[in-house]
Amino acid sequence: MASLPPIDVPTGATGKGSFDAPSAGQPDAARFEYLLRLGDDSLILGQRLSEWCGHGPVLEVDLSLANLSLDLIGQATHLLEDAGDGDKLAFHRDVLDFRNCLLVEQPNGDFARTMARHLLFSTWQHMLFEWLTGSSDRFLVEFASKAVKEVAYHRELSSEWTVRLGDGTEESARRMAEGLDWNWRFVPELFEVDETLQPLIDRAIAPDPREFEEEYRSAIGAVLAEAQLEVPADQRPILGGRRGHHSEHLGHLLAVMQFLPRTYPDATW
Amino acid sequence: MSHDWPLWEVFVRTKGGLAHRHFGSVHAPDAELALRHARDTYTRRMEGVSIWVVPSAEITASDPEQAGELFEPAADKIYRHPTFYDIPDEVKHI
Chain A
1 MASLPPIDVP
11 TGATGKGSFD
21 APSAGQPDAA
31 RFEYLLRLGD
41 DSLILGQRLS
51 EWCGHGPVLE
61 VDLSLANLSL
71 DLIGQATHLL
81 EDAGDGDKLA
91 FHRDVLDFRN
101 CLLVEQPNGD
111 FARTMARHLL
121 FSTWQHMLFE
131 WLTGSSDRFL
141 VEFASKAVKE
151 VAYHRELSSE
161 WTVRLGDGTE
171 ESARRMAEGL
181 DWNWRFVPEL
191 FEVDETLQPL
201 IDRAIAPDPR
211 EFEEEYRSAI
221 GAVLAEAQLE
231 VPADQRPILG
241 GRRGHHSEHL
251 GHLLAVMQFL
261 PRTYPDATW
Chain B
270 MSHDWPLWEV
280 FVRTKGGLAH
290 RHFGSVHAPD
300 AELALRHARD
310 TYTRRMEGVS
320 IWVVPSAEIT
330 ASDPEQAGEL
340 FEPAADKIYR
350 HPTFYDIPDE
360 VKHI
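Chains as they are written, first to last, in our numbering: chain A, 1 to 269; chain B, 270 to 363.
Just so you know, the hints here were simulated from the structure itself, not pulled from any lab data.
There could be a bad hint or two in this list.
Said to hold, decoys possible - In silico DMTMM-like links for lysine to aspartate or glutamate, alpha-carbon gap of 25 Å or less: (1) K146/A <-> E81/A; (2) K149/A <-> E301/B; (3) K361/B <-> E316/B; (4) K149/A <-> E189/A; (5) K284/B <-> D71/A; (6) K146/A <-> E316/B; (7) K146/A <-> E215/A; (8) K149/A <-> D299/B; (9) K88/A <-> E51/A; (10) K149/A <-> D82/A; (11) K149/A <-> D71/A; (12) K149/A <-> E316/B; (13) K346/B <-> E334/B; (14) K88/A <-> E33/A.
Unchecked claim - Under 7 Å between C-beta atoms, here's a sample of chain A residues computed to sit facing chain B: (15) E60; (16) L63; (17) S64; (18) N67; (19) L157.
Unchecked claim - Ranges of calculated distance between the beta carbons of each label pair, as one might list FRET restraints: (20) S145/A <-> R282/B: 19 to 29 Å; (21) V323/B <-> D266/A: 46 to 56 Å; (22) R314/B <-> V256/A: 22 to 32 Å; (23) Y354/B <-> T268/A: 48 to 58 Å; (24) R262/A <-> I328/B: 49 to 59 Å.
Everything numeric in this text was worked out from a predicted model, so none of it was measured.
Glycine residues also receive a C-beta, built at the ideal position from the N, C-alpha and C atoms.
Please model the entire structure based on the sequences and the hints provided.
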């Protein structure tokens, strides 16, 4: 059997993916990694929501979704700019180098599934950002103090839609339950602590998310109770996004998002 | 779907001290979501500090056919305009 030619590994590559972290003499690799996690969460969910633009069920909802998307892309800009060259990080990394959680890259599905994903994510993000307003990292404090208000709105909006769809018609309740069920297996990843996160927790830069997991579960439970919906049964959790092991969906999303700057690297507007 | 939703008139106060002004209308299933829709539709660029929404059906409008008797008598009564007073420059929004 003929063997494949050796892979040409560029010098300086980490071996984890094709992207080399920017700036030589990286002073704080763990913090950089954390900024990518936060920034990629916002970037990928913002891109996902932008797919609704022009396709919302009604004009008003179309605007709502575009608004959420723009908030998230704004957050991503701040976070990735602090990590390095924001544009380069957003548009010139490959799928293995993205550090977002799996929840945010899941396809929109119908409006109910999009709202289910947003409820599950923004409730977590809101608790996270509230904690970050007291982080030991000055940039994160400033960032979170502004972004926490945006995310509070996201949480309220998605909670209200969950209640209206869950406690609406037979069809809307069924779709909402299916949307929750689809996204539920990606919730445990939000509370995962790995070897990258632990040192940041020790330095009080990042919270240990397990500290607010109970609060999260009771908050989601309260919204679902008001929506007359059952809390979905726990499924086998799927992890790996934080280490670049993504679902098949992320590659397609990146292909759309990155096509222009990759094809025309010098394009300006 | 939006055809099933009632219409709401949106009033926005653009800054403290000013009255709410009619901005437009949105469709929404209830008052709370009407506020959300109004916020997302009309105040995305820092246009407002306060929003009211009112069910459009609750508004009683004057009859356009009565425009003559309602409004024309005011047209030739210049003395009803407070234009004969000097207003200090510091007084705004009059």
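Output the numbers, in ascending order, of every earlier hint that fails for this structure.
Nothing - there is no hint that the structure violates, so all of them hold.
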